[in-house]
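Residue numbers (the numbering used here), protein chains in the order written: chain A, 1 to 146; chain B, 147 to 390.
Rather than coming from a laboratory, the hints here were simulated on the basis of the structure. It cannot be assumed that every hint is accurate.
Unchecked claim - If you anchor each label on the Cβ, the simulated ranges turn out as follows: (1) Phe26/A <-> Glu174/B: 39 to 47 Å; (2) Arg226/B <-> Gly87/A: 24 to 32 Å; (3) Gly371/B <-> Ile124/A: 48 to 56 Å; (4) Arg226/B <-> Leu33/A: 31 to 39 Å; (5) Ile35/A <-> Arg293/B: 35 to 43 Å; (6) Phe362/B <-> Thr108/A: 26 to 34 Å.
Yeah, the Cβ is synthetic: ideal placement off N, Cα and C, and Gly gets one too.
One letter stands for each residue in the lines below.
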Amino acid sequence: MSVTIEVPNRPRTRKQANWEKYGWLFMRVSGPLLIVLIFTHLVVNLVLGDGIKAIDFAFVAGKWADPFWQVWDLAMLWLALIHGTNGMRTIVNDYAGQVKVRRALTTTLWAVCALLILLGTLVIFTFDPCPAGASAELLASFCPAQ
Amino acid sequence: MAELSVPTIESFTVTLIVRRFDPENDTEPKWEDFDVEMYGTDRVLDALHKIKWEQDGSLTFRRSCAHGVCGSDAMRINGRNRLACKTLIKDLDISKPIYVEPIKGLPVEKDLIVDMTPFYKAYLEINPFLVATDKPKKERLQSPEERARYDDTTKCILCAACTSSCPVFWTDGQYFGPAAIVNAHRFIFDSRDENAELRLDILNDKEGVWRCRTTFNCTEACPRGIEVTKAIAEVKQAILRGRA
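My request is simple: use the sequences and hints to build the entire structure.
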């Protein structure tokens, strides 16, 4: 005589919809992208041309006048912050056992991340090295005299 | 008549420092050391036997077959998860004491014995049995290639060496752990099984395969040489594809 178990007798309870799969995929995609973005960023800023001596206010202003570097820095900002925050979230999930602590820490993490992304994006797109109406002694040397 | 010379077999003395806990008298586990006379062919399990039989009968540990098949005597030997019955003492550094502790991440019951219930619960949750609706008159046929696909993960003996070496499992006991995923892998990639999708769905849980961050502790710990981390990665890929 044989026994047939048609369905498992222990129903699962803890299954709920989650984003873990997409989180993992994001880490895998953003990781290699960030390696290219960050190392190119470092080489362009610190090695090529006059090297580290070239970096000053004018250098940054010059880069952000170019839409190419605007998009580059924007991608770096978003990817690095989300990648880092998601990494921190997994560490919180590991070590924060209590649901309340876990939720508080994760919420704080994402709030800080959102704020930094917002401010960074604002700066990249609204950056003006020579704002009109500023007093002359505060302006950079390369700005046309007011 | 020439005198018979009996060659003496070389022996050596080793110190074992064993993590002990007696739930009836102790509030905290403590270390206790034993000196034992051992031979080159002896294993850590033999040393434990010698202690239990000749020095302190209260020393408590699990062992059944004592030959690396049943998976009862997984323990932490010099900081690494090993089967006591497969670890030769002469392969360890015998100039120093050998540290023996229970596997980590599961509640200690007494000395080297831990409560395996959370481990088995995770194992049960992935439906570790063949699900097939057909009722064949003969055996279900499978090509050698189809069999080879999941050969590695059939070797698991459920000793918990992998799961209790996993840092994610140490800190987050909700994680399924490597052993459960290995045993899910064994059926997910079995051509005769029909329930791969359900198992993949189970492991797509918040506490499922995505918690794995490829530390490779499990692969290093497995006494059967299963490539555990690789199996977990294959299950991740299968979930992304949506099928085995």
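Cross-check of the supplied hints:
Between phenylalanine 26/A and glutamate 174/B the beta carbon distance is about 43 Å. The supplied range of 39 to 47 Å therefore holds. For arginine 226/B paired with glycine 87/A, a C-beta distance near 27 Å keeps the hint of 24 to 32 Å intact. In this structure the supplied range 48 to 56 Å holds for glycine 371/B paired with isoleucine 124/A, their Cβ-Cβ distance being about 52 Å. A hinted range of 31 to 39 Å for the beta carbons of arginine 226/B and leucine 33/A is consistent with their spacing of about 37 Å.
In this structure, isoleucine 35/A and arginine 293/B meet the distance hint of 35 to 43 Å, their C-beta atoms being roughly 40 Å apart. Evaluation of the 26 to 34 Å hint for phenylalanine 362/B and threonine 108/A yields a pass: the beta carbon distance comes to about 32 Å.
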